[in-house]
Amino acid sequence: GAGVSQSPSNKVTEKGKDVELRCDPISGHTALYWYRQSLGQGLEFLIYFQGNSAPDKSGLPSDRFSAERTGGSVSTLTIQRTQQEDSAVYLCASSYAGTVNTEAFFGQGTRLTVV
Amino acid sequence: AQSVTQPDIHITVSEGASLELRCNYSYGATPYLFWYVQSPGQGLQLLLKYFSGDTLVQGIKGFEAEFKRSQSSFNLRKPSVHWSDAAEYFCAVGMGAQKLVFGQGTRLTINP
Numbered sequence: 001g002a003g004v005s006q007s008p009s010n011k012v013t014e015k016g017k018d019v020e021l022r023c024d025p026i027s028g029h030t031a032l033y034w035y036r037q038s039l040g041q042g043l044e045f046l047i048y049f050q051g052n053s054a055p056d057k058s059g060l061p062s063d064r065f066s067a068e069r070t071g072g073s074v075s076t077l078t079i080q081r082t083q084q085e086d087s088a089v090y091l092c093a094s095s096y097a098g099t100v101n102t103e104a105f106f107g108q109g110t111r112l113t114v115v
Numbered sequence: 001a002q003s004v005t006q007p008d009i010h011i012t013v014s015e016g017a018s019l020e021l022r023c024n025y026s027y028g029a030t031p032y033l034f035w036y037v038q039s040p041g042q043g044l045q046l047l048l049k050y051f052s053g054d055t056l057v058q059g060i061k062g063f064e065a066e067f068k069r070s071q072s073s074f075n076l077r078k079p080s081v082h083w084s085d086a087a088e089y090f091c092a093v094g095m096g097a098q099k100l101v102f103g104q105g106t107r108l109t110i111n112p
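Residue numbers (our numbering), protein chains in the order written: chain A, 1 to 115; chain B, 1 to 112.
Looking at chain A on its own, in the form it has when it is part of the complex (with noise of 0.2 Å):
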């Protein structure tokens, strides 16, 4: 696609439930990030995928978080028995090549709000 995109743009949901946030980067992009924009927060990284690597989890703030990116392109990111804390903007970005001069593109972000 022309963007990376990413669904739903929104999603409220009950504190206790699963969720799942996808992510389509740009086509023939290596790289791809995932962080957590919190209000006041500035954006907090989760996590990074880079080809066939083992992901940089280092990001992830409990292990009600996971993440997978399938045959190197789409990535879902899921959360656990949502907490109310975990009400954020989360964005993906993805990159050429996945080093940190490389311009990352961002998606729009999915709203997650836990009620």
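Honestly, the hints are just simulated from the structure, not real lab data.
Some clues are possibly wrong.
Listed next, with one range per pair, are the computed distances between beta-carbon atoms [stated by the list, open to error]: (1) A:Gly3 - B:Lys61: 14 to 20 Å; (2) B:Ser72 - A:Ala97: 40 to 46 Å; (3) A:Lys15 - B:Phe51: 21 to 27 Å; (4) B:Thr109 - A:Gln84: 26 to 32 Å; (5) A:Lys57 - B:Gly16: 44 to 50 Å.
Within a straight-line C-alpha distance of at most 27 Å, the following computed DSS-like cross-link-like pairs (lysine-lysine) qualify [said to hold, decoys possible]: (6) B:Lys49 - B:Lys68; (7) B:Lys49 - B:Lys99; (8) B:Lys49 - B:Lys61; (9) B:Lys68 - A:Lys57; (10) B:Lys99 - A:Lys57; (11) B:Lys99 - B:Lys61.
Covered stretches of chain A, as calculated for chain B (at least 3 residues, CB under 8 Å) [unchecked claim]: (12) 45-56; (13) 106-114.
Note that the Cβ used here is the ideal one computed from N, Cα and C, for glycine as well.
Since chain A is already given, all that's left is putting chain B on it; use the hints.
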């Protein structure tokens, strides 16, 4: 600890006035530096970046930024703002091979 600080949470300027948004970082090595803009309902867009060479870099939409190693700063400037510049601005630092670390953001409001 490695960090990025944007001291101003919210700035208001009049249309046509000059603008400077501050960014300070804490990182042991020479960083890669970025400014992104997030307009309402939009994703983040790269304004400019610094990797090496000339410490004054030009970006899109008339923005520029200057890297000052002695001050660990990478401030964003624009000589004359337009109403369409109202947005949230994020400074980011590349730390390590792949990871971008972002500041908290500065929300810019433009008065007509």
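Quick rundown of the hints versus the structure:
Taking 14 to 20 Å as the suggested C-beta distance range, the pair glycine 3 (chain A) and lysine 61 (chain B) conforms, at roughly 18 Å. A C-beta distance of roughly 27 Å is found between serine 72 (chain B) and alanine 97 (chain A), which places it outside the suggested range of 40 to 46 Å. Look at lysine 15 (chain A) against phenylalanine 51 (chain B): about 44 Å separates their beta carbons, and that is not inside 21 to 27 Å. At about 29 Å, the CB distance of threonine 109 (chain B) to glutamine 84 (chain A) agrees with the hint of 26 to 32 Å.
Restraint check, lysine 57 (chain A) to glycine 16 (chain B): a C-beta distance of roughly 47 Å satisfies the suggested window 44 to 50 Å. Distance check on the hinted pair: lysine 49 (chain B) and lysine 68 (chain B) sit about 14 Å apart at the alpha-carbon level, within 27 Å; holds. For a cut-off of 27 Å, the pair hint linking lysine 49 (chain B) to lysine 99 (chain B) stands: about 15 Å separates their Cα positions. A distance of roughly 14 Å separates the Cα atoms of lysine 49 (chain B) and lysine 61 (chain B); the hinted pair therefore holds under the 27 Å criterion.
Taken as a hint, the lysine 68 (chain B) and lysine 57 (chain A) pair is broken in the structure, with Cα atoms around 32 Å apart against an allowance of 27 Å. With a CA separation close to 11 Å, the supplied pair lysine 99 (chain B) and lysine 57 (chain A) stays within the 27 Å bound. Among the hinted pairs, lysine 99 (chain B) with lysine 61 (chain B) is consistent with the structure: their alpha-carbon atoms are about 26 Å apart, no more than 27 Å. For the segment 45-56 of chain A, the stated coverage by chain B holds: 4 residues have a C-beta nearer than 8 Å to a C-beta of that chain, and at least 3 were required.
Here the segment 106-114 of chain A counts 4 residues with a CB under 8 Å from a CB of chain B, which clears the bar of 3, and the coverage holds.
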